[in-house]
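Listed below, chain by chain, are the residues.
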Amino acid sequence: MSGAELAQIAVNAVLLSGILALVALGFSLVWGIMNIVNLTHGAFIVMGAYLTYGMHELWHVDPFLSVPVSMAVLFCFGFAIQRVLINQVIRAPLLATFLLTFGLEILIVNLLNFFFKADTRSVMTLYSGSGFTVGSVRVPYIRLGALGVSILLVLMLGAFLTKSRLGRAIRGTGMDIDAARLTGVKAPAIYALTFGIGAALAGAAGSLLSMVVPFDPNLGGGYTERAFVICVIGGLGNVVNVLIGAAVYAVVEVFVGSRVPALSGAVTFGMLVLLLIARPQGIAGKSAS
Amino acid sequence: MRAFRIAFLLAVFATLLVLPRFVSSYKLLTYTTVLCLAIMAQGWNFIGGYTGYAAFGNVAYFGIGAYTTGLLMISKWHISFFPALAAGALLSACVATLLGVPILRLKGHYFAIATLGVAEAFREIAGAWDRVTEGATGIDLPLRSDSAFYYYTALGFVVFGVALTALLAKSKLGYGWVAIREDQDAAKMLGINTTMFKVAAYALSAVFASIAGSIIAYQNIHVAPNDFFKIEYTLQMIIACVIGGTGSVWGPLLGAAVYQLLSTFVWSHFIELHPTVLGGIIVFFVVFLPRGLMELLRRFAAVLKGGRFGSDVFLANIRASRLD
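Line by line, the protein sequences are chains A and B. Taken in order, the first sequence gives residues 222 to 510; the numbers are from my numbering. Taken in order, the second sequence gives residues 29 to 352; the numbers are from my numbering.
Hints are supplied without guarantee of correctness; some may be wrong.
Below 35 Å or equal to it, Euclidean Cα-Cα: the simulated DSBU-like pairs (lysine-lysine) are [stated by the list, open to error]:
#, chain 1, residue 1, chain 2, residue 2
1, B, K200, B, K135
2, A, K407, B, K198
3, B, K198, B, K216
4, A, K384, A, K407
5, A, K338, B, K104
6, B, K135, A, K384
7, B, K216, B, K104
8, B, K258, B, K135
9, B, K258, A, K338
10, B, K333, B, K55
11, B, K135, B, K216
12, B, K198, B, K135
Partner residues are not named here, just some residues of chain A that face chain B (Cβ under 8 Å, in silico) [what the hints assert, rightly or not]:
#, residue
13, L306
14, N308
15, I311
16, L315
17, A317
18, F323
19, G324
20, F335
21, L373
22, Y412
23, F449
24, F490
Simulated from the structure, these hints should not be mistaken for lab results. Where a beta carbon is used, it is the ideal one built from N, C-alpha and C, also for glycine.
Take these sequences, add in the hints, and give me the full structure.
So this is what it looks like as structure tokens:
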């Protein structure tokens, strides 16, 4: 492998890790605070992608400007789903929420397939495909922009969770729900808020992904898996863990993808299983169980 | 009541026995598929229902069974079907034991995803190991045009599964599983060798999945990675268990039948929205009837004995597990 090739792989990994961090951020939040592995996460991502696509096709909204809109829409959607459905079984054994979010994923993805068909779409703007080069390494503008938005959202969430009263209520509920309720926190409202934020972040990730990769309604499942792997690598607990997990995962995906593409899934999952067995709390995290 | 139940079961069994005489051989293939779903669901019931471990990768053993059977039958020794099926089941049990020891140390979500990962890894290995499995093309099995053979084989294993489940549910093993499901630490304190019990449940579920895989492989006469390692099979066995009632002897059987009825109905009426309706069914059962249709039957039985049906049947779960 030449030096130039290695440099390009490194740059690709950095650009990828930004979006992946955003993909995993909402997933990690919901898992860490509510102890729910939200298998609907991928469907939220796809919904974000279609919102951006729709706004771009109908009103020629710049895809970067549609990010806040899809975040707002998905926040409301996630809030409602938590309030109406998930909250009803949240204290049941774990299989319940696992199956429930899985059923919702099937339902949403199939409805998207029904309305939009399985055609592959992509959001093309005037600046799609253009970029700059440093030496022999190419950096597309869109991926750089997506990385910027991702970093911004990660920092905003980090600040919200640590600095604001509401954010601290969320973290407190995640640490000990009974103690939080004793201090006057309305746990169901906090849970709905958390799930809404998780969905909103998925929506943002979907909006960004719609510019970067071609998508169809079935795109989401793969990203739910990635989000899970990233959370396992980084561990739960705070946004820094997500960043570490995303960075490690991006390096592995880019590297394995360029060496043995046929077995990339087996390698990733093999790594995951080994990591789970050796260090269930992740490289950087505390135990979540 | 007891006599009525026995008479009913005998009638159902007799109907199943004479069924091949009255339906077309194409229809019979569908019925065999349902029976195989029941076999897989019975297997999943051991680990997912009784022991309470959400295994999401049992399709791995379905595929291993299918491939082992196929490869042995077309090998130069031309091994016949039943020994090949047994070899597949044995291999699945060994793989499940080897993987189960480390994986079953994981809890909750981690266990679920690790099993999912195992299944994905096996699918890719089957697709990439060209010299043995012919890669994505798959292998062809010898043809056997006797569809009643598959049906009776599957029916035999379903009956065996019911008998085994009923036997184990009242044994030390079965009680140990339930104890682990309810409180693993307490079970350990009582002197239950939790690792051994869990691995036994997992290996048993693998054997059943493997048997179903062998039968389906022989019936379809073609085994390819994407047909036999697809996650839909894992889902079907879980959904069948949830619809019927997890952790019960008859639940998986009832669930497989009802799932197939619903699925056929939905296919013929809303073909494009089939997964939507399926997703809706999952959501309905998880929220309103998590103990499955067996719970309804139990309540009907209580009414027949002069008890009350209970008006809270669909709301009991929500009352117990919602967060106010």
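To see whether the hints hold, each was checked on the structure:
no., hint, in the structure
1, B:K200 - B:K135, "holds (23 Å)"
2, A:K407 - B:K198, "violated (44 Å)"
3, B:K198 - B:K216, "holds (19 Å)"
4, A:K384 - A:K407, "holds (19 Å)"
5, A:K338 - B:K104, "violated (47 Å)"
6, B:K135 - A:K384, "holds (33 Å)"
7, B:K216 - B:K104, "violated (49 Å)"
8, B:K258 - B:K135, "holds (24 Å)"
9, B:K258 - A:K338, "holds (22 Å)"
10, B:K333 - B:K55, "violated (39 Å)"
11, B:K135 - B:K216, "holds (15 Å)"
12, B:K198 - B:K135, "holds (26 Å)"
13, L306, "holds (7 Å)"
14, N308, "holds (6 Å)"
15, I311, "holds (5 Å)"
16, L315, "holds (5 Å)"
17, A317, "holds (5 Å)"
18, F323, "holds (7 Å)"
19, G324, "holds (3 Å)"
20, F335, "holds (6 Å)"
21, L373, "violated (29 Å)"
22, Y412, "holds (7 Å)"
23, F449, "holds (6 Å)"
24, F490, "holds (3 Å)"
Checked against the numbered hints above, the structure breaks hints 2, 5, 7, 10 and 21 and satisfies the rest.
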